[in-house]
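Asks: So the sequence lines, in the order shown, correspond to chains A and B. Each residue of the first sequence is one higher than the one before, starting from 1 at the first, in this note's numbering. Each residue of the second sequence is one higher than the one before, starting from 316 at the first, in this note's numbering.
I should point out that these hints are in silico values taken from the structure, not numbers from a laboratory. For clarity, every value in this text was computed on a predicted model and none was experimentally measured. Just so you know, not all the hints are guaranteed correct.
From chain B, some residues computed to sit far from chain A (all C-beta separations above 12 Å) [claimed, not checked]:
(1) Asn334
(2) Lys380
(3) Lys383
(4) Glu394
(5) Asp406
(6) Leu418
(7) Pro421
With the C-beta cut set under 7 Å, the calculated list includes, among others, these residues of chain B facing chain A [stated by the list, open to error]:
(8) Glu348
(9) Pro349
(10) Val352
(11) His355
(12) Arg359
(13) Ala360
Every residue, glycine too, gets a C-beta built ideally from N, C-alpha and C.
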Amino acid sequence: MFLSVGVRFEANVEALNMVETAGNYSKHRRVPYLVEEDGKLKTVYVPALSGESLAHAYQEHLVREALSLNLPVCDDCRRNEFYKSMNKVHLKKKVNPIPDDPKKIEVAIVQSCVIEDVGGFLYAEKPPVRRSSAFQVSYALPVKSVALFATSEPQLHARHAQMDSSSKKGNASEQMIYYVETGTALYGFTFNLDLNAIGVSAITSEPILNENEIKARREAALKALFRMLSSAQFGAKLSRFFPVGGITEVAVAVTEHPFVVTSPIYDDYIARTERRLKVLEGLGEKYLFTVATGEKVPEEALKEAMDYLKEQGAF
Amino acid sequence: MSEYEGIVKMLRFFVQTKNFSYVDRIGNALNPEPVEVTLHEALRAFRSIRESAFVEDNGRRYVEKDGKKIPVPGIPPEEEVKAFLDAVRSDIGVAKRVATLALAYPSKKESGGDE
Chain A
1 MFLSVGVRFE ANVEALNMVE TAGNYSKHRR VPYLVEEDGK LKTVYVPALS GESLAHAYQE
61 HLVREALSLN LPVCDDCRRN EFYKSMNKVH LKKKVNPIPD DPKKIEVAIV QSCVIEDVGG
121 FLYAEKPPVR RSSAFQVSYA LPVKSVALFA TSEPQLHARH AQMDSSSKKG NASEQMIYYV
181 ETGTALYGFT FNLDLNAIGV SAITSEPILN ENEIKARREA ALKALFRMLS SAQFGAKLSR
241 FFPVGGITEV AVAVTEHPFV VTSPIYDDYI ARTERRLKVL EGLGEKYLFT VATGEKVPEE
301 ALKEAMDYLK EQGAF
Chain B
316 MSEYEGIVKM LRFFVQTKNF SYVDRIGNAL NPEPVEVTLH EALRAFRSIR ESAFVEDNGR
376 RYVEKDGKKI PVPGIPPEEE VKAFLDAVRS DIGVAKRVAT LALAYPSKKE SGGDE
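The following block holds chain B by itself, in its conformation from the complex (with noise of 0.2 Å):
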């Protein structure tokens, strides 16, 4: 999975801020329309949060949230939002396995910016 790191990275960011929507409807979605709608608008939002987040000075990219710093991860490239719409066309079970890791804790720590 780690070809979809970057929408992984931007989901974990929505559930990170308590926005569990698009989390939920990737996850939980029977066909790829769903999938492709969610991921239209969590990326509309997404832009729209990285573009007014705070910027320290090494750049890095980060939004206030109960008190908490939360990094902002970079916007996914677009090869990779294609290959996942596409991989998402043969099986839908990809959709799932996205959300679900974008719910498990990161591997290493995550930091915001442009990575």
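For reference, chain A alone in the conformation it holds in the complex (with noise of 0.2 Å):
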């Protein structure tokens, strides 16, 4: 089964996703976007969320969901440090010593740790071992339409510091002023889920856990990514820039195989993603495909996929 959900949020005043600082001013992430203007094409810098930002949210959900139903989550993971056994040092702490099979490696990996299953990792040691991630997240973008009015803008903050004269060294200030460059749009992504993926070698398509583990690990899957939309916990600086806003619109397809809702930085999305899944219902694929635009929330369509895919027996 494949879950697919196109996502559309308003974000104001937010800061998300930090890039590079210069001094005292820290930027925030920004993307060249094509949009067309009186016929014309040109190009346009605007705030955006990297999918790393979105993925890491996402595997931090999966580890408090991994763990509440008593799933093998590693150390390294569970501090949220996603280093996903990338050399000698911490897949040590998995298998000891490390066998020379990439099968046994993955299986090794596999076992210990939900989010290194769902996803993937990289042992970049010899032999060389890669799993790729069940879970596909594409960065978060202003929606099309409206991208020209998406705006990134530097606030002003200042940080105070009591010093005496003694503490006080050459002609520092006891007032540092500083900027933070908020983006401010609506913000468009889409999260795929291959759940079939989950619990299966990624070199012989074959099982490597028991069918009711792999479920469980399904369902954690399912429940992160439903926390990480509700929560809104995604993204930094949520102490002091949470963003005003919220969840607009969700779009969830769930497909037998993959099929990817068209991205919701297209007004039309909603329509043209079931126009395809018709032409692909003709061809004998089921579907199950919900929205939660006004009166529906998102919660709401969320479940609904779920409760769709436990009567279908995924979980």
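Both chains come to you apart, so use the hints to assemble them.
Replies: As structure tokens, then:
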């Protein structure tokens, strides 16, 4: 089973994805974006959130959900440090001595950590072992039709230090000003989850775990997505820049084989996704498509998808 | 390309501090907009770095990275920046050439400060 979710969310004055700092100025991530204006294409720079940032948040939620279902999570991932068995030092914590066979290495990692099972890993030693992530997440980008209204704006803040004359060095000021660049936009992003990849070897395509364990891990993976969207706990600087706004629309497609909802950056993404699914239905694909716009809240659409997956025996 | 020496030196400074972001974005730009945005960001960052750099007795500025002293060149003059942006508007290849020069060794030893 394959789950694909298109999410639109409004975020005003957010600092969800900061990149480098230049002196006292911390910059928001920005990307070039093609927009059409008066029949002509032009490039504009818009605030964005990286897929890496969203993926990190998802995996943090996955840690919590996995632990609450008594599923294994390795020590590194428990601390939300997703090294992903990248070298001998980290792999030895799971299996020691380290086997020579890539298949055995994969089995050892998948058995001992849900996060590396669902989120993939790259063991970059000899022999190298790579496992693709079962979930995919796009950048969050402003919705096309209103991208020109997206802004990034530096906000001035001040930090104070109490200094007596003995601790004061040179011309250091008791007050330091700094700027945080905040973004404001209606964002859209896509999240996909390949439930068939969980607990299954990326090398042999054979199940590594028993059916019950696989189902429990799928449940954790779905709950983590639910929690991430429901709580809006993704991105950085939430302590003082929690975005003002919230999820405005969600479109969820559950299919037997990989299918990705049309990107929510397009205004007609729901209608287009529906049309594409109808074509697939004609080819014999069973699916569920549910959207939360207007009256329905996002949690209701996500719950509907989870209920459908449960009915289908996915978990 | 000597007319854009100030920009080349600034980009080379970022390369020396292992920040390849600006030189890559300018060198790989397919149209003028990314060059303009990147140059704006690079100048903004460069000013901040320059203002907080160490100043030697002779007035030269430098920053320390991995135990090495990296001289901080002067801020590119306004006319040069304007000429560069105009040139990029008419030929994007200028941006690639400037970025390529910034990645090459300088023809003579550069020193920091208000040159």
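Asks: Is it correct that the beta-carbon of B/Asn334 has no partner in chain A closer than or equal to 12 Å?
Replies: With a cut-off of 12 Å, B/Asn334 comes too close to chain A, as the shortest Cβ separation is near 8 Å.
Asks: Verify that the Cβ of B/Lys383 lies farther than 12 Å from every Cβ atom of chain A, and report whether the claim holds or is violated.
Replies: holds (20 Å)
Asks: Taking C-beta pairs only, is B/Leu418 more than 12 Å away from all of chain A?
Replies: Nearest chain A Cβ is 20 Å from B/Leu418, so the label holds.
Asks: Is the interface hint satisfied for B/Val352? The criterion is a beta-carbon contact with chain A at less than 7 Å.
Replies: holds (5 Å)
Asks: Grab the minimum C-beta distance from B/His355 to chain A and call the hint holds if it beats 7 Å, violated otherwise.
Replies: violated (10 Å)
Asks: Classify the hint on B/Pro349 as holds or violated, based on whether any CB of chain A lies nearer than 7 Å to its CB.
Replies: Where the cut-off is 7 Å and the nearest Cβ of chain A is about 6 Å from B/Pro349, the hint holds.
Asks: Looking at B/Glu394 again, its CB stays over 12 Å from all of chain A?
Replies: holds (24 Å)
Asks: Taking the minimum C-beta separation from B/Asp406 to chain A, is that value above 12 Å?
Replies: holds (17 Å)
Asks: May I ask you to test the interface hint for B/Ala360 with respect to chain A, counting a Cβ-Cβ separation under 7 Å as satisfied?
Replies: Result: holds, 3 Å to nearest chain A Cβ.
Asks: Would the stated hint for B/Arg359 survive a check requiring a Cβ distance to chain A of less than 7 Å?
Replies: holds (6 Å)
Asks: Far enough from chain A: is every CB of that chain over 12 Å from the CB of B/Lys380?
Replies: Given a closest Cβ separation of 15 Å, the condition holds.
Asks: Please check whether B/Glu348 passes as an interface residue: C-beta within 7 Å of a C-beta belonging to chain A.
Replies: Constraint on B/Glu348 satisfied, holds at 4 Å.
Of the numbered hints stated above, those contradicted by the structure are hints 1, 11, listed in ascending order.
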